[in-house]
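Colleague: With chain A's structure known, arrange chain B on it following the hints.
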Amino acid sequence: MGIDRFEGKELEYLQDVLDSRHLSGQQAGYLGKLETAFAEAFGAKHAVAANSAMSLLISACYAAGAGAGDEVICDPLVQFHAIASLWQNAHPTWADVCEDTWLMDPESARQNLTPHTKAVFATHLWGLPAEVDALRTLADEHGVVLIEDCAHAMFLPYKEKYVGTWGHIGVFSFCSGKHMTCGDGGMALTDDDNLANRLRSVTCFGESPPELATVFRMTEMQAAIALAQLARVNGYLEEYRRSYAVLSEAIADCDWLQPRAVKPGCGNSPYIFSFLFQGERKGIELEPFKQALFGTGENFTLGFTQVPAYKYKLFKQPMAYQNKGCPLHDCPYYKGSYEYRDGLCPNAEALLPRLVNTPCMISEDAAKRVADALRSAIEQTEGH
Amino acid sequence: MTDLTKLTEENSNLILDVVAALQPVTAQRVLEELTRHPGVAAELAQLVRYMEWLRGGFPRKLAHAGPDLWLMVDLS
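Those protein sequences? They're chains A and B, same order as listed. The numbering of the first sequence is the numbering used here, which starts it at 524 and goes up by one. The numbering of the second sequence is the numbering used here, which starts it at 3 and goes up by one.
Treat the hints as calculated values from the structure; they're not laboratory data. Mixed in with the good hints there might be a few duds.
To be verified - Chain B regions said to be covered by chain A (calculated; three or more residues, Cβ under 8 Å):
no. : region
1   : 7-15
2   : 42-55
3   : 58-69
We put the CB at the ideal spot given by N, CA and C, even for glycine.
Isolated chain A (complex conformation) (with noise of 0.2 Å):
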């Protein structure tokens, strides 16, 4: 996927970890520093680390007050914030995603909210950023929690500030191929006071925890990677951006490739390079281009995961709670009447087959050779 990228103190501070003896636990050490650094970097008043993003998510859910019976909406592209409300009891909902951006429409989160929604869950798949600007509105209306899936938008500006930070709860990835990595790990940024604590006691606990917590602590090792890597990380963007821009001049002539919409007030943090396949308007079939694509030897994949998660057996079923049933076949908790049909996201189930992705966290020259291999593969198409 990406390129995982040591070349500043990331050995210096690990081998400043070594020498300290202490290797976890540390708040006045790395781990300690890296929430400062990192929350002061965003603009964001607290910074909680965590062992993976993951984790984050599924404390996140649990900060957000989803528990048996809720209802959290969730984006149909990415399986995460599903199983991290699963982890909670919660009943997962659906919104659509917009048919231009892929990103989650803020009128269908609107007519997703019911009166047992607790939170939110916004991707900014793929480094480009949601309309978290009406997602908050939405949340604040209606006293549910946002919560921001940064995991591909590290320093992704949304008109004035930094995704992450629009939220209630931002929750960045620091897992290997990602824009910053520490092997895995993660941070979780908010201003509310009372969701920091609640992210710091659910994510750690002590000898007689007040609520059911659990150990996602991240290790001073860690946390000593990933603060080496936040001073480096904004380079290696700027390195992406040009990657990305090459690899949009690619299909910037085709009339048959429909290319992702970035919208004004939206930056780029490109994590993959993302196109939509419509070749029927134009009398191209799919498969020619399928086998262009996959001649080309470059890492191409088309369909991503064909469908969207909630068509996945393990939402569909009543595989988690060892097939008691809860949270989505009859929890005596749930009050709701949410059903998992299919046309639930017609603009998710549309678009997901016709997926075209690669990588674009490389260096220009390797963005010029894919964007070369992938002109090679138009020309064949249409040649055929």
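Modeller: Just chain B now, with coordinates in the frame of chain A:
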């Protein structure tokens, strides 16, 4: 000789069948199984690229099931 640099229904079905029979399974294990089939030869990197492509398949597709572990998912 089966060539995994070519995207064919035969190659795809063979890999999907092998994964379905052994899942969750590593790509290395899939490769070992493929080499038992006459006329199939591939390198691991080539196979992994092919398997990544099959994540977008329909109605049968591959899915990641953990670090270098694969599942076959039937969406029909």
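Colleague: For every hint, state whether the structure bears it out.
Modeller: Each hint tested on the structure:
1. 7-15: Contact hint for the region 7-15 of chain B vs chain A: holds, 3 residues under 8 Å.
2. 42-55: holds (count 3)
3. 58-69: holds (count 5)
No hint from the list above goes unmet by this structure.
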